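Make a model of the complete structure from these sequences and hints.
There are 2 protein chains.
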Amino acid sequence: MTDSITASSGPLFRRLAIIGPGLIGSSILRRARQDGTIAARLVACDISPDVCRRVAELGLADEVEQDPLRAVADADCVILCVPVGAIAEVGAHVLPAMKPGAILSEVGSTKLSILTALAPALRPDVPFVPTHPMAGTEHSGPDAGFATLFDDRWCLLTPLPETPPAATDLIVEMWHRMGARTRVMDPAHHDRVCAIVSHLPHLLAFTICGTADDLADETRSEVLDFAASGFRDFTRIAASDPVMWRDIFLNNREALLEMLARFMEDAQAMARAIRWGDEEFIVDRIERGRHIRRSLIENRQA
Amino acid sequence: MTDSITASSGPLFRRLAIIGPGLIGSSILRRARQDGTIAARLVACDISPDVCRRVAELGLADEVEQDPLRAVADADCVILCVPVGAIAEVGAHVLPAMKPGAILSEVGSTKLSILTALAPALRPDVPFVPTHPMAGTEHSGPDAGFATLFDDRWCLLTPLPETPPAATDLIVEMWHRMGARTRVMDPAHHDRVCAIVSHLPHLLAFTICGTADDLADETRSEVLDFAASGFRDFTRIAASDPVMWRDIFLNNREALLEMLARFMEDAQAMARAIRWGDEEFIVDRIERGRHIRRSLIENRQA
Chain P
1 MTDSITASSG PLFRRLAIIG PGLIGSSILR RARQDGTIAA RLVACDISPD
51 VCRRVAELGL ADEVEQDPLR AVADADCVIL CVPVGAIAEV GAHVLPAMKP
101 GAILSEVGST KLSILTALAP ALRPDVPFVP THPMAGTEHS GPDAGFATLF
151 DDRWCLLTPL PETPPAATDL IVEMWHRMGA RTRVMDPAHH DRVCAIVSHL
201 PHLLAFTICG TADDLADETR SEVLDFAASG FRDFTRIAAS DPVMWRDIFL
251 NNREALLEML ARFMEDAQAM ARAIRWGDEE FIVDRIERGR HIRRSLIENR
301 QA
Chain G
1 MTDSITASSG PLFRRLAIIG PGLIGSSILR RARQDGTIAA RLVACDISPD
51 VCRRVAELGL ADEVEQDPLR AVADADCVIL CVPVGAIAEV GAHVLPAMKP
101 GAILSEVGST KLSILTALAP ALRPDVPFVP THPMAGTEHS GPDAGFATLF
151 DDRWCLLTPL PETPPAATDL IVEMWHRMGA RTRVMDPAHH DRVCAIVSHL
201 PHLLAFTICG TADDLADETR SEVLDFAASG FRDFTRIAAS DPVMWRDIFL
251 NNREALLEML ARFMEDAQAM ARAIRWGDEE FIVDRIERGR HIRRSLIENR
301 QA
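If you read the sequences in order, they're chains P and G.
1 is the number of the first residue of the first sequence in UniProt numbering; add one for each residue after it.
1 is the number of the first residue of the second sequence in UniProt numbering; add one for each residue after it.
Quick caveat, the hints were computed from the structure, so don't treat them as lab data.
As the structure is a prediction and not an experimental result, all values here were calculated from the model.
Virtual Cβ for every residue (Gly too), placed ideally from N, Cα, C.
Just so you know, not all the hints are guaranteed correct.
As the list claims (entries may be wrong) - Across the chosen pairs, the derived CB separations fall in these ranges:
#: 1; chain 1: P; residue 1: 34; chain 2: G; residue 2: 254; range: 43 to 51 Å
#: 2; chain 1: P; residue 1: 188; chain 2: G; residue 2: 298; range: 36 to 44 Å
#: 3; chain 1: G; residue 1: 48; chain 2: P; residue 2: 144; range: 50 to 58 Å
#: 4; chain 1: P; residue 1: 49; chain 2: G; residue 2: 261; range: 49 to 57 Å
#: 5; chain 1: P; residue 1: 151; chain 2: G; residue 2: 220; range: 21 to 29 Å
#: 6; chain 1: G; residue 1: 243; chain 2: P; residue 2: 160; range: 48 to 56 Å
#: 7; chain 1: G; residue 1: 275; chain 2: P; residue 2: 186; range: 18 to 26 Å
#: 8; chain 1: G; residue 1: 67; chain 2: P; residue 2: 264; range: 46 to 54 Å
#: 9; chain 1: P; residue 1: 143; chain 2: G; residue 2: 220; range: 32 to 40 Å
#: 10; chain 1: P; residue 1: 162; chain 2: G; residue 2: 261; range: 47 to 55 Å
#: 11; chain 1: G; residue 1: 123; chain 2: P; residue 2: 213; range: 36 to 44 Å
#: 12; chain 1: G; residue 1: 181; chain 2: P; residue 2: 49; range: 47 to 55 Å
Stated by the list, open to error - Covered stretches of chain P, going by a simulated chain G footprint (3 or more residues, C-beta under 8 Å):
#: 13; stretch: 92 to 106
#: 14; stretch: 187 to 195
#: 15; stretch: 213 to 220
#: 16; stretch: 237 to 249
#: 17; stretch: 265 to 272
#: 18; stretch: 285 to 297
Spelled out as structure tokens, the structure:
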């Protein structure tokens with residue numbers, strides 16, 4: 001399939017519909033418009049008239065639709081770019097209006113909960129290809145997007161066993177044309193990986209900020225003065241959007257709670273070692289941190 | 001006192017002895033040598049003949065002594081720059097050899113445990129001024145130091161109630177001449193502030209690296225691939241020296257375990273809110289993180 005895609009010079013899709021042109025959705029539109037080989041015609045859809053007006057002003061799409069059913073009717077690919085908590089609902093709403101053979105995709109940060117909620121609405125004649133582009137900024141809305149958002153970032157894909165490989169290949173190719181690197185994985189594995197690399201670090205960052213905020217006034221003001229000693233690194237990721245992160249935490253509940261439980265056991269073991277002066281244990285745990293840091297540097301991720 | 005110091009143009013000390021010319025100690029020597037107004041004569045002392053040889057090669061001091069008792073004998077200020085775990089022992093060893101009126105100082109990252117261990121050896125005629133310059137790199141030894149290490153960094157001072165203000169003023173002035181900003185605080189308060197701004201973040205960073213390292217091989221390798229999503233920020237501070245951090249954790253045991261216990265309660269509350277879908281609680285905790293982040297930016301610490 002990939003060969004035939006590469007061989008053809010026409011766009012991947014005749015008509016691509018983006019439902020929810022926020023940071024991610026409007027970045028897809030901008031890149032597709034700039035690239036020219038992704039879709040012949042771009043449709044943007046949002047239930048908010050303000051967002052529709054703004055998308056039209058910015059000239060991000062060939063058509064701007066407020067009604068999702070009209071937006072998807074003739075599309076050969078529909079990508080749901082609404083918040084994680086709304087993906088299954090919007091998907092179930094538009095699926096009956098999609099034409100047979102069209103591909104349904106979405107860009108949520110969690111996978112299993114979306115799959116479970118959307119499963120009853122899925123159609124055998126509409127391939128479903130869930131994706132997770134690991135890119136973003138602290139801004140949101142159609143003005144926040146930009147064409148290079150996905151350059152050199154990962155996009156994880158979690159197709160179902162019944163998803164036709166040709167559909168997955170098309171979406172993989174689309175993300176390559178967006179500038180992203182792709183990896184296909186199982187949805188449960190996806191949720192565990194994201195729980196440890198992203199969701200747990202964010203949860204810990206939010207939590208330590210709250211712990212500091214609860215301290216007596218004098219200490220709290222000094223936390224701000226002396227934050228350079230380590231605390232500051234934790235606040236960098238604590239500046240993210242509260243509603244987005246609430247939805248991610250709730251939608252990746254199982255994997256996140258499991259990783260947090262493992263972390264809490266490890267932190268308790270460290271606390272016990274400090275209380276009882278177990279020097280060997282403490283040094284061993286610290287050396288693991290250095291080891292992972294070195295691996296990241298070798299892996300050019302640091 | 002400060003007025004009289006500023007008025008005089010001569011060096012603050014006739015003879016300044018640095019015990020343990022590692023990263024911090026050799027940076028003090030380099031700055032003092034470059035500045036000229038800190039000490040008329042610099043003495044460096046290390047029990048390791050290799051370190052003594054290297055310090056002499058680098059020309060960091062006017063005299064290099066392997067015997068601490070000889071190094072301190074005629075000094076009017078002695079600064080212990082040995083690891084936190086050795087400060088009390090070295091202090092008790094050199095105190096009887098110091099001349100009356102000379103000032104004893106040290107640069108450990110924790111305060112209460114040093115004070116408790118050193119208290120029986122303190123002399124009423126030798127003022128003790130504990131300090132904590134909040135500066136460092138991941139390197140150590142006499143080659144690692146540099147004259148600008150303390151520029152614009154904080155140095156916290158925790159004099160005893162019986163420390164003569166004139167002695168504290170002299171040490172404050174010395175740190176200003178090193179380029180640092182200073183703040184005087186109570187030793188117990190110091191240990192709590194450092195526990196939350198530095199020691200707890202480091203403990204959490206070491207721990208999450210260990211948690212990731214314990215995952216099944218496949219997930220672990222993907223942690224490295226996808227670390228940019230938040231995990232990476234935590235590893236930056238996890239690259240620190242294991243023995244130094246072991247000593248800090250053990251010497252600030254009480255304050256660190258208290259902050260960790262508060263943090264664990266907060267993390268458990270967050271876990272419970274996620275399990276039961278308490279959206280309001282989750283959003284409230286995340287918004288505190290953003291609030292602290294904004295305060296840091298306003299405070300020019302981020």
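Okay, the hints, checked on the actual structure:
1. 34(P) <-> 254(G): 43 to 51 Å: Given a distance of about 59 Å, which is not inside 43 to 51 Å, the answer is violated.
2. 188(P) <-> 298(G): 36 to 44 Å: holds, 42 Å
3. 48(G) <-> 144(P): 50 to 58 Å: holds, 57 Å
4. 49(P) <-> 261(G): 49 to 57 Å: holds, 51 Å
5. 151(P) <-> 220(G): 21 to 29 Å: At roughly 27 Å between Cβ atoms, residue 220(G) and residue 151(P) fall inside 21 to 29 Å, so the hint holds.
6. 243(G) <-> 160(P): 48 to 56 Å: Holds, at about 51 Å.
7. 275(G) <-> 186(P): 18 to 26 Å: Holds, at about 24 Å.
8. 67(G) <-> 264(P): 46 to 54 Å: Taking Cβ atoms as reference, residue 67(G) and residue 264(P) lie about 49 Å apart, which means the hint holds.
9. 143(P) <-> 220(G): 32 to 40 Å: holds, 39 Å
10. 162(P) <-> 261(G): 47 to 55 Å: With a Cβ separation near 49 Å, residue 162(P) and residue 261(G) satisfy 47 to 55 Å, so the hint holds.
11. 123(G) <-> 213(P): 36 to 44 Å: Hint holds: Cβ distance 43 Å, inside 36 to 44 Å.
12. 181(G) <-> 49(P): 47 to 55 Å: holds, 53 Å
13. 92 to 106: The restraint on the stretch 92 to 106 of chain P is violated, since only 0 of its residues have a Cβ under 8 Å from chain G and three are required.
14. 187 to 195: holds (count 4)
15. 213 to 220: holds (count 5)
16. 237 to 249: holds (count 9)
17. 265 to 272: holds (count 5)
18. 285 to 297: Satisfied; 12 residues make the cut.
Consistency note: the structure conflicts with the earlier hints numbered 1 and 13.
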